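Student: Here is what each chain is made of, one letter per residue.
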Amino acid sequence: DGGITQSPKYLFRKEGQNVTLSCEQNLNHDAMYWYRQDPGQGLRLIYYSQIVNDFQKGDIAEGYSVSREKKESFPLTVTSAQKNPTAFYLCASRTGRFTGELFFGEGSRLTVL
Amino acid sequence: SQQGEEDPQALSIQEGENATMNCSYKTSINNLQWYRQNSGRGLVHLILIRSNEREKHSGRLRVTLDTSKKSSSLLITASRAADTASYFCATDEVDAGGTSYGKLTFGQGTILTVHP
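First to last, the protein sequences are chains A and B. When you number the first sequence by this note's numbering, it's gap-free, plus one each residue, and the end is 113. When you number the second sequence by this note's numbering, it's gap-free, plus one each residue, and the end is 116.
Hints in this document: simulated from the structure, not taken from any laboratory. Keep in mind that this is a model prediction, so the values were computed, not measured. It is possible that some hints are incorrect.
Unchecked claim - If you anchor each label on the Cβ, the simulated ranges turn out as follows: (1) A:G63 to B:T27: 42 to 50 Å; (2) B:V44 to A:K70: 35 to 43 Å; (3) B:D66 to A:S7: 40 to 48 Å; (4) A:A81 to B:N38: 30 to 38 Å; (5) A:P8 to B:N52: 41 to 49 Å; (6) A:P8 to B:P8: 28 to 36 Å; (7) A:G96 to B:K26: 20 to 28 Å; (8) A:F12 to B:S39: 45 to 53 Å; (9) B:E15 to A:S80: 46 to 54 Å; (10) A:S80 to B:S58: 25 to 33 Å; (11) A:E62 to B:A81: 35 to 43 Å; (12) A:P8 to B:N38: 37 to 45 Å.
We put the CB at the ideal spot given by N, CA and C, even for glycine.
Next comes chain A alone, as it looks inside the complex (with noise of 0.2 Å):
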């Protein structure tokens, strides 16, 4: 099945440690996209990427990375600087580059202990 694949869904850290999210996609689209997502709030852009080896800061990158070495894959590391990571992550992707709609995984839930 064609899709966007996160892993873990669930991933429990410890201050101070670096955590990397997974995000695969097999829908040979072009643009990806993460979202943090607070408790009882809306999406807010971390990183896109709309090319491979090319990817832009969304509202929110302090304290995130990200790479974009391969079309179908966009992995985000959550560093020791973001101050407040516990939050649900959601990769995204659409074909277009400037339009079109999202298709999203089933998030990641990241807790810091």
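We have chain A already, so just place chain B on it with the hints.
Tutor: Then chain B, alone, in the frame of chain A:
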């Protein structure tokens, strides 16, 4: 910054009633989209309306867009208990020349509860 602001934040109705949610945004856009999210899940795309369109229908969904007021509304007719979810609007921003950034930003969402 959040581009879209949904109104109301929460809406509770009975099955069979219509539900209307509103979204306002701040910048120029080339399209506006509506998504649905069941609790703890990823979002699902519902409908996209382009900046040169005023109204669009899809099944029980009706979306309007007023670019002069920078606002949109989503109407769900004859609601069902299964429509219970959070609904978000999202906008594709463009610069002053109409060029898209490829940046899709979301509003805070409306939580819809439909009682059987």
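Student: Each hint should be assessed against the structure and marked as holding or not.
Tutor: The hints, checked one at a time:
Separation of G63 of chain A from T27 of chain B is about 25 Å and departs from the stated range, judged on CB atoms against 42 to 50 Å. A hinted range of 35 to 43 Å is violated for the C-beta pair V44 of chain B and K70 of chain A, which are about 26 Å apart. Checked against the hint of 40 to 48 Å, the C-beta distance between D66 of chain B and S7 of chain A comes to roughly 41 Å, which is consistent with it. In this structure, A81 of chain A and N38 of chain B meet the distance hint of 30 to 38 Å, their C-beta atoms being roughly 33 Å apart.
The hinted window of 41 to 49 Å between P8 of chain A and N52 of chain B holds, with their beta carbons roughly 43 Å apart. Judged by the Cβ atoms, the range 28 to 36 Å given for P8 of chain A and P8 of chain B holds: they are separated by roughly 35 Å. Checking the proposed 20 to 28 Å range against G96 of chain A and K26 of chain B shows it holds: the Cβ atoms sit about 23 Å from each other. For F12 of chain A and S39 of chain B, the Cβ-Cβ distance of about 21 Å falls outside the hinted range of 45 to 53 Å, so the restraint is violated.
Judged by the Cβ atoms, the range 46 to 54 Å given for E15 of chain B and S80 of chain A holds: they are separated by roughly 48 Å. The hinted range of 25 to 33 Å is not satisfied by S80 of chain A and S58 of chain B, whose Cβ atoms lie roughly 45 Å apart. Against the hinted window of 35 to 43 Å, the Cβ-Cβ separation of E62 of chain A and A81 of chain B comes to about 41 Å, which satisfies the hint. At roughly 20 Å, the beta-carbon separation of P8 of chain A and N38 of chain B lies outside the given 37 to 45 Å, and the hint is violated.
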